[in-house]
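For the protein sequence lines, the chains are A and B, in the order given. Residue numbers for the first sequence follow our numbering, so the first one is 1 and each next one is one higher. Residue numbers for the second sequence follow our numbering, so the first one is 1 and each next one is one higher.
None of these hints come from the bench; they were simulated from the model. Do not rely on the hints blindly, as some may be mistaken.
[What the hints assert, rightly or not] Okay, derived cross-link-like pairs now, DSS-like style, lysine-lysine, Cα gap no bigger than 25 angstroms in a straight line:
#1 LYS172(B) <-> LYS296(B)
#2 LYS406(B) <-> LYS172(B)
#3 LYS38(A) <-> LYS6(A)
#4 LYS43(A) <-> LYS123(B)
#5 LYS6(A) <-> LYS123(B)
#6 LYS27(A) <-> LYS43(A)
#7 LYS548(B) <-> LYS570(B)
#8 LYS392(B) <-> LYS406(B)
#9 LYS43(A) <-> LYS6(A)
#10 LYS408(B) <-> LYS426(B)
#11 LYS209(A) <-> LYS548(B)
#12 LYS627(B) <-> LYS190(A)
#13 LYS392(B) <-> LYS190(A)
#14 LYS441(B) <-> LYS430(B)
#15 LYS27(A) <-> LYS123(B)
#16 LYS430(B) <-> LYS392(B)
#17 LYS420(B) <-> LYS304(B)
#18 LYS38(A) <-> LYS123(B)
#19 LYS441(B) <-> LYS190(A)
#20 LYS27(A) <-> LYS38(A)
#21 LYS27(A) <-> LYS59(A)
#22 LYS157(A) <-> LYS257(A)
#23 LYS145(A) <-> LYS157(A)
#24 LYS406(B) <-> LYS344(B)
#25 LYS304(B) <-> LYS408(B)
#26 LYS257(A) <-> LYS123(B)
#27 LYS209(A) <-> LYS238(A)
[Stated by the list, open to error] Derived Cβ-Cβ restraints for the label pairs, each shown as a range:
#28 HIS23(A) <-> PRO61(B): 23 to 29 angstroms
#29 GLU31(B) <-> GLY54(A): 33 to 39 angstroms
#30 ARG126(B) <-> ASN107(A): 33 to 39 angstroms
#31 ARG286(A) <-> ALA389(B): 18 to 24 angstroms
#32 GLY54(A) <-> ALA759(B): 57 to 63 angstroms
Glycine included, each C-beta is placed from N, C-alpha and C at the ideal position.
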Amino acid sequence: MFNISKYDEAGSLDGALEFLSEHPAAKVIAGGTDVVIKMQGGKLREVELFSIRGLAELKGSKCSPDGAVLLGPLVTFSQIAGDPFLQDNIPVLTQAALSMGGPQIRNIATIGGNICNGAVSADSAPTLLALNAELRLQSARGERKVPLREFYLGPGKVDLRPGELLTGIMVRPEEYLGYHGHYIKFAMRKAMDIATLGVSVLCRVEEGKVLRGVRIALGVAAPTPIRCPEAEAFAEGKTASAETLREIGRLAVRSTKARTSWRASQEYREHLVAELVPRALQEAMRAAGGEGNA
Amino acid sequence: MAYDTVGQREIRVDAVAKVTGKAKYTADFRERDLLVGKILRSPYAHAWVRHIDSERAQALPGVEAVLTYADVPHIKFSTAGHPYSLDPGHRDKEDRLILTDKARFVGDAVAAVVAADELIAEKALRLIEVEYEPLEVLTSPEAAMREDAPLIHEVKRNILSTFGYEFGDLDKAFADADRIFEGEYQTSVVQHCQMENQIATAYVDENGRIVITTSTQIPHIVRRIVAQALGIPWGKVRVLKPYIGGGFGNKQDVCVEPLAAVMTLAVGGRPVRLELSREECMIDTRTRHAIQYRIKTGVKRDGKITGIRIEAISNTGAYASHGHSIASSGGGKFRYLYQVDALKYEPVTVYTNLPVAGAMRGYGTPQIFYAFECHMEDIARGLGLDPIALHKLNFVETGFVDPIGKNKVLSCGIRECVDKGREMIKWDLKKKLYKNESGDKRRGLGMACFSYQSGTHPVNLEIAGARIVLNQDGSVQLQVGATEIGQGSDTVFGQMVAEVLGLPLDMVHVVSTQDTDLSPFDTGAYASRQTYITGMAVKKAAEEVKAKILDFVWGMTDTPAQALDLKGQKVIYKHSGEVLMPLAEVALQTYYDPVFARPITSDTSNNARVNAMSYGVTFAEVEVDLKTGQVGVLEIYNVHDSGRIINPQLAEGQVHGGVSMGIGYALSEQLLYDEKTGRVLNNNLLDYKLPTIMDTPEIGAAFVELDDPTGPFGVKSLGEPPAITPAPAIRNAVLDATGVAFNRLPMNPQRVFEKLRQAGIVG
Numbered sequence: 001m002f003n004i005s006k007y008d009e010a011g012s013l014d015g016a017l018e019f020l021s022e023h024p025a026a027k028v029i030a031g032g033t034d035v036v037i038k039m040q041g042g043k044l045r046e047v048e049l050f051s052i053r054g055l056a057e058l059k060g061s062k063c064s065p066d067g068a069v070l071l072g073p074l075v076t077f078s079q080i081a082g083d084p085f086l087q088d089n090i091p092v093l094t095q096a097a098l099s100m101g102g103p104q105i106r107n108i109a110t111i112g113g114n115i116c117n118g119a120v121s122a123d124s125a126p127t128l129l130a131l132n133a134e135l136r137l138q139s140a141r142g143e144r145k146v147p148l149r150e151f152y153l154g155p156g157k158v159d160l161r162p163g164e165l166l167t168g169i170m171v172r173p174e175e176y177l178g179y180h181g182h183y184i185k186f187a188m189r190k191a192m193d194i195a196t197l198g199v200s201v202l203c204r205v206e207e208g209k210v211l212r213g214v215r216i217a218l219g220v221a222a223p224t225p226i227r228c229p230e231a232e233a234f235a236e237g238k239t240a241s242a243e244t245l246r247e248i249g250r251l252a253v254r255s256t257k258a259r260t261s262w263r264a265s266q267e268y269r270e271h272l273v274a275e276l277v278p279r280a281l282q283e284a285m286r287a288a289g290g291e292g293n294a
Numbered sequence: 001m002a003y004d005t006v007g008q009r010e011i012r013v014d015a016v017a018k019v020t021g022k023a024k025y026t027a028d029f030r031e032r033d034l035l036v037g038k039i040l041r042s043p044y045a046h047a048w049v050r051h052i053d054s055e056r057a058q059a060l061p062g063v064e065a066v067l068t069y070a071d072v073p074h075i076k077f078s079t080a081g082h083p084y085s086l087d088p089g090h091r092d093k094e095d096r097l098i099l100t101d102k103a104r105f106v107g108d109a110v111a112a113v114v115a116a117d118e119l120i121a122e123k124a125l126r127l128i129e130v131e132y133e134p135l136e137v138l139t140s141p142e143a144a145m146r147e148d149a150p151l152i153h154e155v156k157r158n159i160l161s162t163f164g165y166e167f168g169d170l171d172k173a174f175a176d177a178d179r180i181f182e183g184e185y186q187t188s189v190v191q192h193c194q195m196e197n198q199i200a201t202a203y204v205d206e207n208g209r210i211v212i213t214t215s216t217q218i219p220h221i222v223r224r225i226v227a228q229a230l231g232i233p234w235g236k237v238r239v240l241k242p243y244i245g246g247g248f249g250n251k252q253d254v255c256v257e258p259l260a261a262v263m264t265l266a267v268g269g270r271p272v273r274l275e276l277s278r279e280e281c282m283i284d285t286r287t288r289h290a291i292q293y294r295i296k297t298g299v300k301r302d303g304k305i306t307g308i309r310i311e312a313i314s315n316t317g318a319y320a321s322h323g324h325s326i327a328s329s330g331g332g333k334f335r336y337l338y339q340v341d342a343l344k345y346e347p348v349t350v351y352t353n354l355p356v357a358g359a360m361r362g363y364g365t366p367q368i369f370y371a372f373e374c375h376m377e378d379i380a381r382g383l384g385l386d387p388i389a390l391h392k393l394n395f396v397e398t399g400f401v402d403p404i405g406k407n408k409v410l411s412c413g414i415r416e417c418v419d420k421g422r423e424m425i426k427w428d429l430k431k432k433l434y435k436n437e438s439g440d441k442r443r444g445l446g447m448a449c450f451s452y453q454s455g456t457h458p459v460n461l462e463i464a465g466a467r468i469v470l471n472q473d474g475s476v477q478l479q480v481g482a483t484e485i486g487q488g489s490d491t492v493f494g495q496m497v498a499e500v501l502g503l504p505l506d507m508v509h510v511v512s513t514q515d516t517d518l519s520p521f522d523t524g525a526y527a528s529r530q531t532y533i534t535g536m537a538v539k540k541a542a543e544e545v546k547a548k549i550l551d552f553v554w555g556m557t558d559t560p561a562q563a564l565d566l567k568g569q570k571v572i573y574k575h576s577g578e579v580l581m582p583l584a585e586v587a588l589q590t591y592y593d594p595v596f597a598r599p600i601t602s603d604t605s606n607n608a609r610v611n612a613m614s615y616g617v618t619f620a621e622v623e624v625d626l627k628t629g630q631v632g633v634l635e636i637y638n639v640h641d642s643g644r645i646i647n648p649q650l651a652e653g654q655v656h657g658g659v660s661m662g663i664g665y666a667l668s669e670q671l672l673y674d675e676k677t678g679r680v681l682n683n684n685l686l687d688y689k690l691p692t693i694m695d696t697p698e699i700g701a702a703f704v705e706l707d708d709p710t711g712p713f714g715v716k717s718l719g720e721p722p723a724i725t726p727a728p729a730i731r732n733a734v735l736d737a738t739g740v741a742f743n744r745l746p747m748n749p750q751r752v753f754e755k756l757r758q759a760g761i762v763g
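Based on the provided sequences and hints, a complete structural model is requested.
See the structure below:
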């Protein structure tokens with residue numbers, strides 16, 4: 001039995017925006033895999049729910065002729081994992097989607113919810129960060145576009161203003177065409193778990209071993225999902241030797257602000273960053289047909 | 001001896017009902033106007049409850065009752081699911097109240113609410129104001145045993161029990177030894193995580209008796225304990241056990257039923273459901289004892305053990321539950337594995353302000369065999385011996401007599417188990433292959449052995465009942481007091497009856513519900529006893545029905561019963577197999593013959609004064625990622641000597657489940673708590689790392705089937721044993737792979753990595 005004081009369903013996007021402007025306290029629910037758990041745990045009580053699950057405008061993903069990919073926020077993790085276009089063109093994203101929860105959760109959890117929930121462990125976050133994804137946020141007053149990197153404000157806190165809905169997640173063609181990537185979800189279990197550390201990397205590879213445009217993004221390494229600019233800058237144009245990869249890993253640690261909790265110590269998380277960033281890069285290079293055997 | 005149904009992979013009798021969702025569990029019994037009960041739990045691990053103000057909660061519309069310790073019987077009772085003992089000195093420790101005026105762990109029940117629905121009940125809980133007087137929190141046995149430590153219960157130095165044993169001359173044994181090995185080993189607190197949380201529904205029936213439907217392994221014991229806790233005659237309580245979603249020992253304890261009973265009494269007998277959430281179930285039911293061991297062993301140069309001394313400190317948490325018997329029971333079962341001249345076992349079981357530890361699959365043996373089988377590996381390495389050789393040199397033989405209990409081992413297949421497992425994992429080949437592993441990922445092999453009992457004789461009474469009724473069509477009903485809790489007991493009982501009466505399994509209707517008003521008496525599902533103990537009652541009942549059927553045919557045909565047999569639903573001549581008549585024809589006559597009609601039934605009870613030892617081994621192969629500390633189990637095999645296997649498919653299922661539990665114990669599971677406050681940190685299945693199927697490798701199960709003369713059809717125990725040795729086998733494999741000995745569970749990645757780093761294996 002859930003503590004729900006009121007429940008409304010959106011009929012159209014415009015209607016939804018209007019409703020939200022009039023009911024700023026309403027809690028938006030899509031797949032419900034986060035909201036319901038918060039209700040069950042007593043963190044949300046007497047909550048006014050507003051379901052956007054029926055909004056056709058926010059479902060499905062589109063690819064424009066120039067290759068820009070627009071993911072609807074109601075796209076489920078199963079849909080991402082099973083999307084043939086994404087499997088062919090951005091496999092690191094389908095891989096990340098498949099690492100989340102279990103089949104039942106992936107069937108209902110949405111990518112928009114995963115982002116707006118602001119969890120530092122969100123499995124889609126590192127990869128979308130590495131892809132320089134841009135968010136479209138709409139309210140009754142208009143639309144704004146925010147890079148995902150600026151959207152995360154703190155643990156569980158995002159730049160979503162009252163009355164605003166996430167309406168799209170944009171990945172531009174230049175951010176993925178020619179890139180190869182890899183996601184490592186380091187967790188205590190192979191399913192139904194939250195990441196101890198999430199590592200997503202993207203890169204282009206020239207002449208089989210020269211790194212270009214390296215992006216390194218981490219989950220659970222700081223209060224929000226982060227990129228590792230220092231390591232990325234260092235990697236640019238480098239030949240991927242074992243030593244270079246190790247150095248990239250070491251530099252990635254500098255961008256982190258891990259902390260010790262009963263889940264893992266700061267030291268161990270930092271060690272994992274240093275260890276897993278090179279591993280992910282190696283895999284990405286392998287995917288690029290490069291040597292990747294440093 | 002060849003059997004028709006026994007030994008076959010029969011489909012479980014409840015399979016279709018369960019997979020189609022038709023099987024009814026406690027939560028499926030919806031009485032009209034069912035009220036909901038909820039518990040107010042102490043936020044303090046150790047505190048006096050000085051005052052409770054429940055006025056605001058009482059006033060909330062929809063609240064039917066608010067209960068505190070002042071409103072419920074104040075009779076201390078024991079919750080442990082053991083048979084009652086006529087000897088007051090042998091009874092369980094009575095230290096629990098239905099609602100307490102002293103909180104002894106975070107989550108202890110101090111008040112409760114009965115309300116129209118869950119939300120009202122939860123709201124009411126928030127309106128109850130409790131004034132606590134916090135006391136020092138004791139989470140470690142060391143702290144609890146301090147001379148000046150506050151007492152959790154009125155026992156000296158918070159020690160619940162020190163019941164151990166000793167035989168032989170240990171000083172001489174150590175003096176005779178060429179080498180002395182010493183080691184310390186530590187297990188962790190884990191939880192059963194059975195699929196169905198604890199739940200009970202209670203109401204007062206039209207005759208004034210309390211009727212409780214509950215998810216329990218021990219319905220007849222629940223009846224007694226509820227009556228004791230409430231101070232009412234035992235016959236005033238009726239307990240029903242419908243289908244249940246697992247127990248693993250968590251439900252061999254009386255956790256929710258007494259409170260459910262006082263809740264219905266508080267609302268004039270209206271039905272009340274008390275259902276724990278997963279989060280509640282993980283703190284306020286039972287856990288597995290964390291036990292620390294110090295072991296000293298004397299060995300001859302060739303590896304022959306001369307003497308063993310085991311000291312154990314068991315952390316039993318806030319209440320006794322089974323705590324007083326678990327350390328002792330583990331030590332008792334251990335005695336049957338190795339032939340030694342002298343053995344001294346000194347356990348101390350200590351109260352602390354942690355969730356209550358109780359019975360859990362293996363009942364103290366996963367702990368002691370973890371410790372000792374790690375120790376055996378250490379000895380083998382110290383002597384430069386293959387652990388298999390060291391084990392074989394020290395195993396008991398068939399005919400071994402326990403020096404303490406004088407119980408004789410009539411069948412012992414441990415050597416056969418080890419030989420089979422060694423082949424399955426290709427031990428000799430891989431041992432050579434992995435000898436000089438280098439690189440960041442290293443592989444290794446490990447093995448560990450155990451001995452286990454079939455039931456609890458002679459410590460406890462082993463009584464079991466079975467009732468069979470022959471129907472008009474030649475089918476039968478079988479009723480037992482033993483409980484199907486997912487392990488498949490109803491199916492193997494059905495197979496036994498089918499075998500004796502020459503019936504197909506679908507002609508044996510096994511009544512899966514136990515009802516203390518209707519079911520034969522049996523103490524329930526624990527101690528891996530049911531196939532062995534209840535099985536014998538079932539076999540006797542079936543044999544009695546068979547004798548009555550053949551006698552009846554004698555009367556009908558003038559052919560002596562001794563010349564007849566039952567096979568394929570027919571009465572046949574024993575000498576030729578020729579069919580005399582269909583069984584259904586006889587059955588119909590037993591009901592309707594104008595002169596001789598007398599329906600055939602049997603109602604049998606078996607008081608077993610035997611106990612067969614079962615044995616087994618785990619072989620494991622692991623790969624350790626040195627750089628992350630992750631341990632992957634590549635292959636794992638359990639080989640069991642559980643006597644004859646009644647149903648190989650169900651037996652394999654037991655092994656698969658037990659081994660997966662053992663893998664979790666080895667690598668990932670641990671109920672974590674704040675050492676200062678006693679608060680549990682991960683009482684949910686996201687943070688408590690129970691392995692998923694994705695984390696579970698292919699599990700190999702095999703059996704060496706030696707008939708034990710004391711068991712029905714030659715069976716011995718199998719329910720708990722598969723969970724005993726995976727953890728030490730995996731630990732030994734990790735040691736083999738890395739050269740580093742992990743003497744503390746679990747071996748999770750951070751812990752493994754940190755220790756490898758300390759050891760200088762990784763930078």
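Against the structure, the hints come out as follows:
1. LYS172(B) <-> LYS296(B): 14 angstroms, holds
2. LYS406(B) <-> LYS172(B): Cα-Cα ~23 angstroms, so holds.
3. LYS38(A) <-> LYS6(A): 16 angstroms, holds
4. LYS43(A) <-> LYS123(B): 13 angstroms, holds
5. LYS6(A) <-> LYS123(B): Measuring from Cα to Cα gives roughly 17 angstroms; hence the hint holds.
6. LYS27(A) <-> LYS43(A): Answer holds: LYS27(A) to LYS43(A) is near 13 angstroms, not above 25 angstroms.
7. LYS548(B) <-> LYS570(B): 15 angstroms, holds
8. LYS392(B) <-> LYS406(B): 23 angstroms, holds
9. LYS43(A) <-> LYS6(A): 17 angstroms, holds
10. LYS408(B) <-> LYS426(B): 33 angstroms, violated
11. LYS209(A) <-> LYS548(B): 85 angstroms, violated
12. LYS627(B) <-> LYS190(A): 18 angstroms, holds
13. LYS392(B) <-> LYS190(A): 37 angstroms, violated
14. LYS441(B) <-> LYS430(B): 15 angstroms, holds
15. LYS27(A) <-> LYS123(B): 21 angstroms, holds
16. LYS430(B) <-> LYS392(B): Between LYS430(B) and LYS392(B) the Cα gap is close to 20 angstroms, so the pair holds against 25 angstroms.
17. LYS420(B) <-> LYS304(B): 23 angstroms, holds
18. LYS38(A) <-> LYS123(B): 16 angstroms, holds
19. LYS441(B) <-> LYS190(A): 19 angstroms, holds
20. LYS27(A) <-> LYS38(A): The given pair, whose Cα atoms are some 12 angstroms apart, holds under the 25 angstroms limit.
21. LYS27(A) <-> LYS59(A): 19 angstroms, holds
22. LYS157(A) <-> LYS257(A): The given pair, whose Cα atoms are some 17 angstroms apart, holds under the 25 angstroms limit.
23. LYS145(A) <-> LYS157(A): 18 angstroms, holds
24. LYS406(B) <-> LYS344(B): 17 angstroms, holds
25. LYS304(B) <-> LYS408(B): With a Cα-Cα distance of about 22 angstroms, the restraint between LYS304(B) and LYS408(B) holds, given a limit of 25 angstroms.
26. LYS257(A) <-> LYS123(B): 39 angstroms, violated
27. LYS209(A) <-> LYS238(A): 8 angstroms, holds
28. HIS23(A) <-> PRO61(B): 23 to 29 angstroms: 27 angstroms, holds
29. GLU31(B) <-> GLY54(A): 33 to 39 angstroms: 37 angstroms, holds
30. ARG126(B) <-> ASN107(A): 33 to 39 angstroms: Taking Cβ atoms as reference, ARG126(B) and ASN107(A) lie about 35 angstroms apart, which means the hint holds.
31. ARG286(A) <-> ALA389(B): 18 to 24 angstroms: With Cβ atoms ~44 angstroms apart, the hint is violated.
32. GLY54(A) <-> ALA759(B): 57 to 63 angstroms: 58 angstroms, holds
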